[in-house]
Amino acid sequence: MSVLEIERLTVSFHRRDGLMRRIAIDCVRDISLAVARGEVLALFGASGAGKSLLAHAVMGLLPANALAGGTMRFDGRVLDARAQAALRGNRIALIPQSVAHLDPLATVGQQLRWAARRARHPMTTPGAVEGALSRFDLAPAVAGTFPHTLSGGMARRVMLAMTTASGADLVLADEPSNGLDAENTARVFRCLKSFAEAGKAVIVISHDLSAALKIADRVVLLSGGQVAAEERAGAFAGDGGALSTAYARLIWNALPQNGFSRVRHEA
Amino acid sequence: MGSWTAFVLVRLVRLALVLAGVAAVAFLLAKFSPVDPIDAYLGPDIARVGPEQRALIAEKWGLDQPAGVQFVKWFSRILTGDLGWSVTYNAPVADVISERFRSSVVLMGLAWVFSGVIGFSLGIWAGARPGSWSDRVIRLYAYILAATPTFWIAILLLIVFSVGLRWTPVCCAAPIGLLPEDVTLLQRLHHLLLPLVGLSILGIAQIALHTRVKMIEIMQSDFVLYARAQGGTTLDIILHHGVRNTALPAITVLFASLGELFGGSILAETVFSYPGLGSATIEAGIRGDVPLLLAITLMTTLFVSVGNTIADVLYHVADPRISSASETWRGVAE
Numbered sequence: 007m008s009v010l011e012i013e014r015l016t017v018s019f020h021r022r023d024g025l026m027r028r029i030a031i032d033c034v035r036d037i038s039l040a041v042a043r044g045e046v047l048a049l050f051g052a053s054g055a056g057k058s059l060l061a062h063a064v065m066g067l068l069p070a071n072a073l074a075g076g077t078m079r080f081d082g083r084v085l086d087a088r089a090q091a092a093l094r095g096n097r098i099a100l101i102p103q104s105v106a107h108l109d110p111l112a113t114v115g116q117q118l119r120w121a122a123r124r125a126r127h128p129m130t131t132p133g134a135v136e137g138a139l140s141r142f143d144l145a146p147a148v149a150g151t152f153p154h155t156l157s158g159g160m161a162r163r164v165m166l167a168m169t170t171a172s173g174a175d176l177v178l179a180d181e182p183s184n185g186l187d188a189e190n191t192a193r194v195f196r197c198l199k200s201f202a203e204a205g206k207a208v209i210v211i212s213h214d215l216s217a218a219l220k221i222a223d224r225v226v227l228l229s230g231g232q233v234a235a236e237e238r239a240g241a242f243a244g245d246g247g248a249l250s251t252a253y254a255r256l257i258w259n260a261l262p263q264n265g266f267s268r269v270r271h272e273a
Numbered sequence: 005m006g007s008w009t010a011f012v013l014v015r016l017v018r019l020a021l022v023l024a025g026v027a028a029v030a031f032l033l034a035k036f037s038p039v040d041p042i043d044a045y046l047g048p049d050i051a052r053v054g055p056e057q058r059a060l061i062a063e064k065w066g067l068d069q070p071a072g073v074q075f076v077k078w079f080s081r082i083l084t085g086d087l088g089w090s091v092t093y094n095a096p097v098a099d100v101i102s103e104r105f106r107s108s109v110v111l112m113g114l115a116w117v118f119s120g121v122i123g124f125s126l127g128i129w130a131g132a133r134p135g136s137w138s139d140r141v142i143r144l145y146a147y148i149l150a151a152t153p154t155f156w157i158a159i160l161l162l163i164v165f166s167v168g169l170r171w172t173p174v175c176c177a178a179p180i181g182l183l184p185e186d187v188t189l190l191q192r193l194h195h196l197l198l199p200l201v202g203l204s205i206l207g208i209a210q211i212a213l214h215t216r217v218k219m220i221e222i223m224q225s226d227f228v229l230y231a232r233a234q235g236g237t238t239l240d241i242i243l244h245h246g247v248r249n250t251a252l253p254a255i256t257v258l259f260a261s262l263g264e265l266f267g268g269s270i271l272a273e274t275v276f277s278y279p280g281l282g283s284a285t286i287e288a289g290i291r292g293d294v295p296l297l298l299a300i301t302l303m304t305t306l307f308v309s310v311g312n313t314i315a316d317v318l319y320h321v322a323d324p325r326i327s328s329a330s331e332t333w334r335g336v337a338e
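Those protein sequence lines, which keep their order, are chains A and B.
FYI, the numbering for the first sequence is 7 to 273, going by my numbering.
FYI, the numbering for the second sequence is 5 to 338, going by my numbering.
Calculated directly from the structure, the hints in this document are not laboratory data.
Hints may contain errors.
[As the list claims (entries may be wrong)] Which stretches of chain B does chain A cover? Using the computed rule of at least three CB atoms under 8 Å from a CB of chain A, they are:
| no. | segment |
| --- | --- |
| 1 | 80-87 |
| 2 | 220-232 |
| 3 | 238-247 |
[Said to hold, decoys possible] Not everything, but these chain A residues come out facing chain B in the computed CB check (under 10 Å):
| no. | residue |
| --- | --- |
| 4 | 67 |
| 5 | 94 |
| 6 | 102 |
| 7 | 232 |
Where a beta carbon is used, it is the ideal one built from N, C-alpha and C, also for glycine.
One chain only, chain A, in its complex shape (with noise of 0.2 Å):
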């Protein structure tokens, strides 16, 4: 059963033009994708294709003249305001990009304990900040420093060991291997990997598309805010016969490692 459904979402902007008009600007148009217990689903585009709009529009983090449309559901039920204020951090998760998403003031372990305190989950047991870390390879040293003195895999191994101890059952995960070497990269999806094993449904928002494949079961590909194509993961190898659009077979083969074809590829 799906854990997440989106039907029809719209994101649009709206801008001030002159004094009296506004004008509205779709950046996500008529996206419609679900996602279920268990599953990794790769959120793939270019920068700019509506990528991690349609992650903020999920937790309900839209800026203030933003506006969504359509409909969407977790657990089968309507995901409106109320229910994304109330599901926002306890049932859904989100690992931001960055370092900078780290208060730079507060250390590793204050901000572990918040968040689990903000998942309604506190972590009240000596060690339990130190226990949390070390499972992401992390030394307890690590909570008593400052975000400004991890690296960026250290960073977001924080940010995994902060989602872990939220117990969300909805992961969505933006760009996770942005700014990482191979071998972090590697570990991170890992763990993705891990919390979809352990039944949760995970969303890994990349432009990394081969990265990405390692661990996913099926891939939405996003172009321009729209839905371009939506593949199983395992179609995409050799050349690409087995993707049922032309578009995602031009991606896969665009990719290096397949020769860098622009040409379109006859079926």
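Position chain B against the provided structure of chain A, taking the given hints into account.
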């Protein structure tokens, strides 16, 4: 730790240089001013003293010597702790300053704390929801007060609360005609109230505006977005992220504003006839009391410089990004 000793040493040397520079400039200004120390000393007796006697006084005081020699003499006396004699109060300058400072420090200290606490709270409140009604009201209040001269506010307060409503006394630090030992704490506070309000109101505006801008920036930051995604409520976010991140700049502004506080106290004390350092400054200026005026100048310099230094040191101590980032690095092995 070696860097800390160097840091403090550099600060001390800088402070000494600033004091010496201010001393030289203030002395020169006093020299070039039309104030004549002998006239100031004689006062009304000026008519009964002939040119020969004036020359004798000038010789005794060393006023016949070149300005450079006079400065060296005065400054070396200052260094030994002798600030000179105040003609206005007929007492040693050091005594006048310490007595005046004691009544001023209560006024300025309380005004400083109030403007800090109230200004910071208003700034946080306004900045948490920019564009809301509370923000508009606080901003309007802050803009108006930031553009209002201290003495005008002081006079307005006097007219309304002392003259019109008769809630507060019109002047002084205690009821007139009472011996200092007979004045109760309540009477002191009653007299302190209006000058305190006048002085605090202005400090509040500045701190509130600085805090508000910082707070707006914090509320739009990525880490506040993440805190929201974790399910943090607005109050939770304000308390854990807002206050933490805006406190440092606010404290810095607060310490850096000590100079303005001193300037404000001169005007407020004059309007309320409050016997503090501020009114002594005005008195010394009007009566041509050069030793007192120069000593107050040096003291103000010390006061403001120390305030700025504290602000500087606080930033280094309190911000983990500036303080010993390298030490933390070593403790964490990936």
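How the hints compare with the structure:
1. Counting residues of the segment 80-87 of chain B whose C-beta lies closer than 8 Å to any C-beta of chain A gives 0; at least three are required, and the coverage claim is violated.
2. For the segment 220-232 of chain B, the stated coverage by chain A is satisfied: 7 residues place a CB nearer than 8 Å to a CB of that chain, which reaches the threshold of 3.
3. Counting residues of the segment 238-247 of chain B whose CB lies closer than 8 Å to any CB of chain A gives 3, which reaches the minimum of 3, so the coverage claim holds.
4. Against a cut-off of 10 Å between C-beta atoms, the interface hint on residue 67 of chain A holds, since the closest Cβ of chain B lies about 6 Å away.
5. The beta carbon of residue 94 of chain A is positioned within 10 Å of a beta carbon in chain B (closest approach about 4 Å), and the interface hint is therefore held.
6. Checking residue 102 of chain A against chain B: minimum C-beta separation of about 5 Å stays under 10 Å; hint holds.
7. Nearest Cβ of chain B to the Cβ of residue 232 of chain A: about 25 Å, over the 10 Å cut. The hint is violated.
Of the numbered hints given earlier, the model fails hints 1 and 7; all others are met.
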